[in-house]
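Given chain A, put chain B in place with the hints provided.
Just so you know, the protein sequences line up as chains A and B, in that order.
Residues 1 to 555 (this note's numbering) are what the first sequence spells out, left to right.
Residues 1 to 387 (this note's numbering) are what the second sequence spells out, left to right.
Note that these hints are calculated values from the structure, not bench results.
A portion of the hints provided could be inaccurate.
[To be verified] DEER-style ranges, computed between Cβ atoms:
no., chain 1, residue 1, chain 2, residue 2, range
1, B, 135, A, 124, 24 to 30 Å
2, A, 100, B, 69, 41 to 47 Å
3, B, 215, A, 129, 46 to 52 Å
4, B, 191, A, 462, 44 to 50 Å
5, A, 520, B, 98, 53 to 59 Å
These numbers were taken from a predicted model, which means no experiment stands behind them.
Where a beta carbon is used, it is the ideal one built from N, C-alpha and C, also for glycine.
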Amino acid sequence: MVGEPDRHFSFRGRPRSARDGETLLSALSRDRLPLLHRSIQYHRPQGPLCGIGHCAGCLVRVNGRPNVRACRYEPASGDSVTTENAWPSPTWDVLGAIGLITPGGVDSLHGLRRPAMATRLYQRFVRRLAGTGAPPTDAASRALLTPAVERSSEVAVLGAGEAGRAVATAFVARGIRPVVLERGLHPPSVAGAELLGATTAVFLPPPPEAGEHRFTLLAFREPAQGVRIDARSVVVATGGYDASLLFGGNDRPGVLTADAALSLAAPPRPPPFHRAVVVGGGRRAAEVLEMCGNAVEAVVAPGEIRPDVVRAASDRGILLYPRSLLLRAGGRKHVRSVRLRARGSGTETSLACDAVILAHRRVPHAQLFFQTGAVMEWRSGVGAYAPTVSANGATSIPGLFAAGSVAGVPPSEFARHAETVVDSVVRGTGPTGPAPSPPREGAPTELLGYYRELLRVPGHGRWVACPCVDVLVSEVERAVRSGYRGIEVVKRYSSLGSGICQGRYCLPDALLLLSILEDRPPSEVGYITQRPPVVPTPLAALASLSTPPAAEILP
Amino acid sequence: MTFARGSYRTVVVGAGIVGLFTDYHLARAGGGPILVVDRGFLSSGASGRNGGGVRQQWETRGTVRLARESVQTYRRFGLEFGFNIWFRQSGYLFLAENEGELARLKNVHALVASEGLPSKVLDAEGIARLVEGIAPGATVGGTYLASDGTLYPFPAIWGVYEAVRSLGVEVALGVEVLGVETRDGRVAGVLTSKGPVATSTVVNAAGGWSGDLSRRAGLGVPNVATRHEILATESMKPFLDPMVVRVSDGLYFSQSMRGEVIGGLTLPHRPGTSRGVGSSTAFLTAMARALVGLLPRLGAVGVLRAWSGFYDDTPDGFPVIGEDPRLPGFVHGNGFGGHGFMLAPATSRRIALAALGQPTDLDPAQFSPKRFLGPSPVAAVERLQLG
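Pulled out of the complex, with its shape left as it was, chain B reads as follows:
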């Protein structure tokens, strides 16, 4: 297979949810011709490997707003894109195990509520009403936002994929980008495993592989790919509505539309994508202990499958959005730290604007690639890098 053209206005690297949504906005803004390349098959990266959580509870105003906007897109998704993503707004529940964690969650609550979202602080009894069978004493309280929810990631990918194809975007799967060609200090093309392509703009939406891509373009970036594992149990009749997240260890789980309990836990994996997307005994045993400890009745439930995917982590936990000042034409849309699906609809609009050379409303101190280039340490840090 070769490409339909030799030259494109924009080449987007990564056909995950961020790359595809970016194509969608670029194509609608008349930014074509557009080529999107992906090293794997559709849904092979983190967009096809996540737990489907979409939440608006964050530690900074900027992120809360992007998340709120994304929720609105997902609510309309079925009508706009023709696929049913089963976006079920049945809430996100953050659990605190001690007063310190609860105080932190209360700060999140205050911020989220100040943005007009009806977040609630719950005590242990309120939580026990939401999570049937929770072990006594497992939590001192938490926060809950009913309009957060979960969706089924695959139809979201198919929906945006089919939409961009009908807008004339060319999608090349199984194609790896080997390098970025420059002329006069700006992007002139990309070299792919299927040959060279001329372009003036490259969007790096490569998720777990975005750090590698930037470095292939000669740009030092702090993005680190970290493997995160996840499992699904056998399906059961519905017993749990919200997504439950525990602050202390990053335990998160929800019960899907199909009745499976799907969730994960944060473990200190070695960084890098080279060791693949397998599972580990450490995860299976630690996750099982965490789930059974919190919900003892789940002990008799079988684990159906386990898998893993890559988070594209940044030092401060915020995504990187905008043109790289060191290489004009190279636009970042990465560093989502496991939250690409939650934030893609809103951030992709800004990534598309940046690719078109237009200004965005994002705070550069929080989202711009420039923030890692100066000598000063980054300003804010998002610590709710879970669920």
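Just chain A, with the same shape it has in the complex:
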């Protein structure tokens, strides 16, 4: 799919090229991860973290359109790509001085109030600094206008990963043609199903009448085509994503999740790193070693390292650091080293490296379930909320099913489980009783102990708890000290989780952090109500969709 360089675009005025089917991020990551972005408040160098279109680390401006995720965009010949929110460039940004002169952060809750006559001046100054890109040009917005895709279908399958494909195939085998939505830009087709690639499901409200099988799903297809699917049943197989981790410099260019590493290192491209440190000792770490083990220097794990990872590592001469705290990633504009501390002995080690790959925990992509109002439960094995799912995939909402890892099903069971789910959808079977409890991996009870040790490290208050909004750990601690409790209130007090990823990367860690600071189990710290849309959705896409009669769908 990835061919010779045949797309010629300009990046910051210089000619660059991309292969057919290659993302902009990949094209800009030839030798190492690029520095494309500065953090929103303190203008710290911030790197592409997630590789799947959630974080702020690869936002660029393309042909007058702001906030384009380089990891989700395939450049066309003639494109003009520039960077945002940095002057003169992300590499040398004058505003980086803000972060340097205020290492403890700027207190926007209490600060800049005096003298009263200066408030207008402060406001003008702060406002000028806010925001990522400049507003779009008229032409950029007009270029996105496309007629919407609107479909009515018996079933919609959300996600065409391994589990989603198994479900779709099982429907086809029963003579039902499902509509399948997949975020990936070039998913392989599913025989007999209608597959919409590059399409992200963003909003799945509950059916208008309780108990009625009638879903209206909103989605958008890159770059901005509106998609509306009406379906009697919906099977959600959205899988999971690799979580972030709290340490010093955790959003420095070079720090990336396993999702990003695996997509950027997919053959035939060489990985954009040469001496990576992989964090995690479980299945995900094994996958990273398998794909790009030759570019890995060491494996560091909060807990033990699984025997198969140990074997894979020793075959390649990779160093192993089980039961270690990752204290910080060093390097100003790119990761150059990491500092580790052995959890038993307290011995500290520095390792030279050019990337930190986070493969220690995978959390479910469960936002659509939150939106439908399905009953959710705290899954202590992954340290996140997920829908309460019965053995046949049924949720508390009639007609809404979960399949694959978002339902807690291990990969070895995907195919068998898909058959059960599809049988239940076809027969209209409801919940059949509790599913067997999912296997524990990267157990957050262990992460809780890990974070407890980490919060005793001097200087941790200056670490970044929420990279999208530049919220420091000390600001979260101050909120709790001032008497604000629970994730909902602390989130509003500190602005944590209110940025471009809407908390997808900071909230799983923040729950553990608050559990420690408030001295109660993470499940009692509260619920994170994730709001639609699942990912930022262009107004042009939403505007192109027909609005059903208000009486029909307004609760």
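For chain B alone, kept in the frame of chain A given last:
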């Protein structure tokens, strides 16, 4: 958790901006001991779900004056309460799509100007200068008042919350009021989900839940909770200063200090709080169409999040302030119709006075709970129930 005391002079129901400001004035007037209870967490109701608009352009003199007084409080807020609410006075712009709407706005302008506020009438060109990129022909004109503005609601809540706590007010969160106990025809206590509390005065500042609370106290009231939806976009560099409100469909939006465009639109939702604070496809699509229609350049901007909250609506669009004549000791501070944040600083002073049994300067025909009790229809109606 139980309460620190068994008996309070006043129990305020609702720890939103109206309830907290009322506590503040009550406590400063020596009205303690005071207990405030709220069914949710701090900022879980409309006070934590609004667009942060504060305006003084209204259709009646009474409301204009309350709003003007509130603006003065918000201007001083940082010095008085220690929190920066980023109250940015960069104006409210009302848009008319036809001459009829413009004539109505001109009446508002005349009233607002007669109160000494420098309101302006703008033509389409004047509006295009304030709203960069507005679609040609989208408006025939409108009114603008530069001293209106927007604020960041959360620090306002934290500020008043911390102030009332330091004045000795007890704040109990996650506590629901199940009923009001009476003795000899007046308030004697409240029954809560955490047990009974004795009190002679109950203030109903429960926002979207205030109608439910009054009815639990046996009082028929016309308050109706209506869900209103709102969304925020990805942040951008500043391009829009004023809050923009369109009269025809209630479209309103502004660009926050953080650069997000935040706004909503009026849709005919079913009344009642029981269906929660979700979003709807109708809102997302209609709002997107309205925004892109008015400002075509926003098409490429991503919607970051959408949420909703409850307006506490009254038939005439005015809040209900004062003691209920049917139940002495039961004081209303509700019915703000989505404008609690704008009017809280001024109205809460009057609510506190009413709770202390003192007279207020409010016109009873416009604000008293008595106005819904008589056979005659209500006098004036506020139609600027937007933005």
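Cross-check of the supplied hints:
Between residue 135 of chain B and residue 124 of chain A the beta carbons are some 28 Å apart, a value that agrees with the proposed interval 24 to 30 Å. Evaluation of the 41 to 47 Å hint for residue 100 of chain A and residue 69 of chain B yields a pass: the beta carbon distance comes to about 44 Å. Remark: the range hint 46 to 52 Å for residue 215 of chain B to residue 129 of chain A is upheld by a beta-carbon distance near 49 Å. Our hint of 44 to 50 Å for residue 191 of chain B and residue 462 of chain A holds, since their Cβ atoms are close to 49 Å apart.
One distance hint, 53 to 59 Å for the beta-carbon pair residue 520 of chain A and residue 98 of chain B, holds here, with the actual separation near 58 Å.
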